[in-house]
Amino acid sequence: MRTPEAARVDPSPATETDPPLLTADGVTRWYGHRLGCRDVAFMLWPGEVLGIVGESGSGKTTLLDCLSGRLSPTAGHVVYRGEDGDAVDIFALPESRRRLLQRTEWGIVRQNPRDGLRMGVSAGANIGERLMAAGWRHYGDIRGSADEWLQRVEIDGDRIDDRPVTFSGGMQQRLQIARNLVTRPRLVFMDEPTGGLDVSVQARLLDLLRGLVAEFGLAAVIVTHDLAVVRLLAHRLMVMQGGAVVESGLTDQVLDDPQHPYTQLLVSSVLQA
Amino acid sequence: MSEAAAVQSTGYNFAYLDEQTKRMIRRAILKAIAVPGYQVPFASREMPLPFGWGTGGIQVTAAIIGADDRLKVIDQGADDTTNAVSIRRFFARTAGVATTTRTTDATLIQTRHRVPETPLGPHQILVYQVPIPEPLRWLEAREAETRRMHGLADYGVMHVKLYEDIAQHGRIATGYDYPVQVGQRYIMAPSPIPKFDNPKMDRCPALQLFGAGREKRIYAVPPHTPVKSLDFEDHPFSVETWSKRCSLCGAGDSYLDEVIMDDTGRRMFVCSDTDYCAERRAAGHRGEGDGA
Amino acid sequence: MTDAPAMIAVEELDKTFTLHVQGGARIPVLSDLSFTVSAGECVALTGPSGAGKSTLLRLIYGNYKAQGGRILVRHDGAMVDIASASPRTMLAVRARTLGYVSQFLRVVPRVPSIEIVAEPLIRLGTAREAARDRAASVLQRLNVPERLWTIAPATFSGGEQQRINIASALVSERPILLLDEPTASLDAANRAVVISLIRDATARGAAIVGIFHDRDVRAAVADREFAVPEVRRAA
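If you read the protein sequences in the order shown, they are chains A, B and C.
Per our numbering, residue -7 is the first one in the first sequence, and the count goes up by one each step.
Per our numbering, residue 314 is the first one in the second sequence, and the count goes up by one each step.
Per our numbering, residue 316 is the first one in the third sequence, and the count goes up by one each step.
Certain hints may be false.
Covered stretches of chain A, going by a simulated chain B footprint (3 or more residues, C-beta under 8 Å) [what the hints assert, rightly or not]: (1) 49 to 58; (2) 114 to 122.
Residues from chain B shown here face chain A by an in silico Cβ test under 8 Å; the list is partial [what the hints assert, rightly or not]: (3) H472; (4) V473; (5) I479; (6) G483.
Below, a sample of chain A positions facing chain B; criterion: calculated Cβ distance under 7 Å [to be verified]: (7) T20; (8) R91; (9) Q94; (10) E97; (11) A125; (12) R129; (13) Y131.
The set of hints was computed from the structure by calculation and includes no laboratory data.
The structure displayed is predicted, hence computed values, not measured ones.
Virtual Cβ for every residue (Gly too), placed ideally from N, Cα, C.
Work out the full structure, taking the sequences as your base and the hints as a guide.
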């Protein structure tokens, strides 16, 4: 009983014709004879958060490294549409341009804040570095911006001259986020951003991330093995196993009605709190 | 003493190094001049004095010195310290060249940690002894990464150091080895000269060469090249000033050393550049402490 | 009522769960199911427990994946097939068209109630202050005490959480609402409030599909009932 009215299906609402921010196409990475990730393809639009889940060794970190331009894929393309509107294959760019993107329009939040922070300099300098790299040359402005961002990530302003070694793990991670977001990037890559943190600290960080993502309309790719993290942060989800994407879709659909045997196993293995 | 005589008197090749090594170093120097501020790797040789005593500067001097040169060697501005004396004697014996303590008379000046007060001319070459040539080393330990940063002019981190200075001390407290940008391109460590000397490097008519023996690097600032000291708009670069003048020659425009006179703590300030001070006194200038 | 345009048209819908972790067991829940809901209409799903009422709501919301058939919903003036829509389309459909009240509240731990309720509006571009004002009026109407507005709902009672859930689904006046037991944990007074909110929604033209176990609530809000047929299970 199909009504003529109902048959008029619009396959692509207006929003779908917007150009994507990031397009991955056939991204494959081999380490010699060992597979990192194989034939990964997706599109990411401004303001969208994509979660990538899978167990250790499933290739999700390799994929993230390829997407963020830190590891060149054996095959495939990663195309980014920059602020200027030009779509560029990031591995066809000269390294200087790629680095410029990484420190201006992108952010990269590492699992271990020690890898993403300069532990030997103050919190203020950690936040200010990206501004200085972007050409800021006014100390007062840089410090003001650092101070503002410390507050945003809920770190007391009087810690601005303290080194991150004196911070707790959760504070270090929040500082890393501030350091990445200070230049208002359009795309942020996160590798297990809540890994290694206490549950209560995780909740605070998730809340903060969610607020910042919404406030700045950030697009993000978040790699994690924590399904609770993606349920709260990610609009869409990709499930990886053995280097390949086995299932993808809306986050709640993939988690609540998983289709692939591996996803079902992953979801059923989580202890219900 | 002629070149041949020098060889005869010491048994060494002219200026100690063999000709192949000199050619290798000269090639590095030419490349350094062609790419101002860029650190050129070179095969640093063992020298008859330990690293840290100016082996880099000595190799550069040995590679470029000719029989007609007149050599001046200073250490912290002074011609009469052990290091300066021994290096000057080394070249007098192995190359048989004339030496001098007068800046204006010298064609080649090897220096540790100072630039002479007397302005240099186009006929002169200044050779700096450099302990740590990498200005980015303070923040980035990996050599491969610092080289990539130089290659891509990825220099944001340099201002981090200055930022930290202001955050901790309220001003840029870096007084020595103050980082500069050469010819609007490479960030360069000027060696541990006081920042007082930085402006003298800017558009200097003399060729400036830098040798780091232990780190095996040579770099250069060709004549008349712009050399800019890094700073912030609201914390502009400035040099040290003193409320005193030189006690001996009365100079108010030179870099002063503080000298403790006795156990009661009496002090006086004198020119760090001994030749500059001596020249001024010879011209009749007198300071308050002179002859007292 | 028949003149009103169809807002939901479910056609020949099949839903079977395949449990790979349990030896590939197949559980058919819906088979060849079709029904339509018009604008301004409230349809109550009925049928015995386990017949697939909640599953049907979740399929329409895109939370479950259909094995066959189409689920057409009117979104921005055109019909979109939820069963085959891309995730990106689904996000847009949910933001502007589909509201869903589940029996459970799932939110980020530290976010205050009023922010949770205001968020759908802010996401649609309403200014923060205006969104908070709207949220406040809905919370007020649902008798959520003002002292709770600035507190995260994690520690609330079941009824209070339920009302936060309803408030956040109703605040942005989406044209299609899916309600799964919206009054289950509410007392009589608040049930009455929810009933009036549902009537307001249909009056403004919203299409509503709901599961209402409470006979009185069902009688008060539903224009008609749709019995979800039980699918014979493969042995």
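Comparing the hints with the structure gives:
1. Closer than 8 Å: that is the beta-carbon criterion, and the segment 49 to 58 of chain A has 0 residues meeting it against chain B, so the requirement of 3 is violated.
2. Coverage of the segment 114 to 122 of chain A by chain B holds. Counting CB-CB distances below 8 Å, 6 residues qualify, and the rule asks for three or more.
3. Nearest Cβ of chain A to the Cβ of H472(B): about 4 Å, under the 8 Å cut. The hint holds.
4. At about 5 Å, the closest approach between the beta carbon of V473(B) and any beta carbon in chain A falls short of 8 Å, and the interface hint on this residue holds.
5. The restraint placing I479(B) at the interface with chain A holds, with a minimum CB-CB distance near 5 Å, inside the 8 Å limit.
6. Evaluation of the G483(B) hint against chain A yields a violated restraint, the C-beta minimum of about 11 Å exceeding 8 Å.
7. Interface hint at T20(A): violated, since its Cβ lies 26 Å from the closest Cβ of chain B, which is beyond the 7 Å cut-off.
8. Taking 7 Å as the C-beta contact cut-off toward chain B, the hint placing R91(A) at the interface holds, the least distance being around 6 Å.
9. Here the hint on Q94(A) is broken, as its CB sits about 10 Å from the closest CB of chain B, past 7 Å.
10. With a cut of 7 Å, the hint placing E97(A) at the interface with chain B is violated, because the nearest CB-to-CB distance is about 15 Å.
11. Restraint check, A125(A) versus chain B: the minimum CB separation of about 2 Å is within 7 Å; hint holds.
12. Checking R129(A) against chain B: minimum C-beta separation of about 5 Å stays under 7 Å; hint holds.
13. The interface hint given for Y131(A) is met, as the beta carbon of that residue sits about 4 Å from the closest beta carbon of chain B, less than 7 Å.
The structure does not agree with the numbered hints 1, 6, 7, 9 and 10 stated previously, though it agrees with the rest.
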